[in-house]
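Okay, here's what each chain looks like letter by letter:
There are 2 protein chains.
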Amino acid sequence: MTRWNESDATALVQRLCRRELTAEAVLSDCLERIEAREPDVRAWQHLDGEAALAQARILDQGAVRGLLHGLPIGVKDLFDTFDMPTTYGSPIYAGHQPPSDAASVAFCREQGAVVVGKTVTTEFATFTPGKTRNPHRLTHTPGGSSSGSAAAVADHMVPLAFASQTAASVIRPAAFCGIVGYKPSFGRINRSGVKALSDSLDTIGFLARSVEDVALFAAAAGGDRGLLDLDTFNAPRIALCRTHEWPHAGDDTRRAMVLAGERLGQAGVPVRDLQLPLLFSELLRTQKEIMAHELARSLADERLRHAQALSRGLAALLRQGQAISAEQHWGNIQLAYSARAKLSSVFGDVDAMLVPSAIGEAPATLDETGDPVFGRVWTLLGLPCVHLPFTVGATGMPVGLQVVGRYGEDRATLGIARRLLRLLRD
Amino acid sequence: MTRWNESDATALVQRLCRRELTAEAVLSDCLERIEAREPDVRAWQHLDGEAALAQARILDQGAVRGLLHGLPIGVKDLFDTFDMPTTYGSPIYAGHQPPSDAASVAFCREQGAVVVGKTVTTEFATFTPGKTRNPHRLTHTPGGSSSGSAAAVADHMVPLAFASQTAASVIRPAAFCGIVGYKPSFGRINRSGVKALSDSLDTIGFLARSVEDVALFAAAAGGDRGLLDLDTFNAPRIALCRTHEWPHAGDDTRRAMVLAGERLGQAGVPVRDLQLPLLFSELLRTQKEIMAHELARSLADERLRHAQALSRGLAALLRQGQAISAEQHWGNIQLAYSARAKLSSVFGDVDAMLVPSAIGEAPATLDETGDPVFGRVWTLLGLPCVHLPFTVGATGMPVGLQVVGRYGEDRATLGIARRLLRLLRD
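Listed in order, the protein sequences are those of chains U and Y.
Note that numbering that gives the first Met the number 0 gives residue 106 to position 107 of the first sequence, counting from 1, and the numbers run on in steps of one.
Note that numbering that gives the first Met the number 0 gives residue 256 to position 257 of the second sequence, counting from 1, and the numbers run on in steps of one.
It should be emphasised that the hints constitute simulated quantities derived from the structure, not laboratory data.
Backbone N, C-alpha and C define an ideal beta-carbon position, used for all residues, glycine too.
None of the hints are false.
Some chain U residues close to chain Y (C-beta under 7 Å, calculated; not the full set):
(1) 95
(2) 99
(3) 100
(4) 105
(5) 106
(6) 109
(7) 195
(8) 225
(9) 296
(10) 297
(11) 300
(12) 325
Simulated restraints on C-beta separations:
(13) Y:224 - U:272: 43 to 49 Å
(14) U:136 - Y:278: 52 to 58 Å
(15) U:247 - Y:421: 53 to 59 Å
Work the whole structure out from these sequences, hints included.
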């Protein structure tokens, strides 16, 4: 018997729209999987199976709604939902009921998605973990901050789940859980109704088990049907880029880079090496300072009225941010602009780079979510990134690389990512 | 007897910090003024004099808190407040109580400000008016969207009030009410907790009765003490710029431009004319399209679940926005970036431009808030703007011009604005 929870969204929605399959049947399999696995995986902050079933039945009885008709989705608990509490991963907001949906969630509901529940986020999407475990090995972190979304998708609880990235919170959990993660170009997906942490960095992202699925999800959430056609990129010019953060890469990531070069070479895809300008070596520090400074401002109310309810790690991060003056911050923003202005010449005639997604396999701990070092610079630069899971590390846990495309070229980046993932997995 | 509600914030706070004056005394005069005038002016969406008095007494008994110690402020009802309902100018949010303060409000409270109440905003800070009237003439609009904040400051109800600008919502109400309005460079003031309308445009701003006061207010709200020193700009290079929107200017604004040239010339300030590149003639349309498109996304939940509670004007604007595709929108964003990249050469060796703030005097109507045509382009470009009230129009209502400075040069822009306002008023 087919387990619908194991199918990709793109395959499911075709059957759902043709009425060969009911939303209720898909959701029932997802809920069964959640029931079986949630005690171990702990992906969900809030779950309302009955409400979701009621919605699914309504969809089954009415007209086909749109791109996500009848698909169950998970929503990171950083996104407001009008019908479910939203905690932002903090006890300060225990039981908080927003009055409205985040815009991206509203877009998905309009397109027929069924919100199953809210997935666990780290505290305000920063570094203090929630309760979620890596479904591949329960003693390992799923990564963060989109911990619950990545675990739920990897564990076949839902085909699609919302994520967001300020440092590496889409790409790292995708890497640790062995799924596809897509962080769009900065500014492409509306952020209204998502808790603001760092205005210059916060980016809504998408987790799924195939590149087609993240593209479908983003097309719905961003009202951008252009992303549905990934077919026109047949001879991409690819570079491997070890980045200025390469000394942080562990053996598994180093092997993945070598493997990618070999497999693409065997497939006849010419691959060159690309070096980033020296200026870009400043961007890791710059991203950390911008994030800390903006966090300390965005969370001013929480810091002033609820200091005792913040984790020690977050309190320390906010103190770091407060120590950065407005003038220093402005200098950092200018440096980021300078680097962005150089991107076109950095890419040259390259369409996309393959770069590390994480240091290596998910760390064997639940006390932290792993190092975001390989995500920070790309978030600061605002470039579209897609994590491709294609190999395993020394202990058998998932490892992959991310494709980084040109600014605003999200469709091309996704098209290239789809092609590369096929070649890398062969 | 001194009426403290008529004093500037900068003068008041010096006395308050020296304990020559109590916060209670200042607030009492403000509340008395509000009580007398509110039935006519209608500046307030929510007012809690008793709670404000309790806060003032606590401040009088404790240590000096900071830059705004004991100053009463008004908060535009687009900004979340943990202790007062926040409607965003829409019946959809009647009675809505946010769980936390907007970051900028929290910063001001930390610096000792007393929030008197929430000021009237137009519907979601767009174009459907609230109940507020122009305090100079009750049959005239105060402008929008920061209608209540501008009216309250102009009418001596409070010395300082928060505003925000997506098209011209700081500068236009400042112009119509004859006060100083400051729209900072895009990105300088944290927007967390302010209802998001257009992510590429939304900018928090400040209304007061002097340039020193808006600078003090912004220094507190933005945690940027650099703005407290406006003294180092002695020989600014100024240009008059009639902009591509000049055909919209009415006689009063045309006279103000001529008058400014004459008065600055008489004061020995060399003033030249500056023409904007042809590319900039596209920016008015570009700003309108970006705003409509982003509004339609930001307000997705309201549009989908509360369509009947939107005004006809806003519903039409959202439909315009929905008709703009993601690709068209991205093209508009790129055009804005191109124009921003040219700004440095546009300014050349000019430190600031004087440009129109509005078509002319406040229109004699309460059915609309006036045309934002002279604000839109500067919001899109992200440049710091300060409205200077220095003359009156044909019927005796306030008229002025705005100073537009270089991107990120807010301190210089405010310093120049202060100097120019003195010269223009002579």
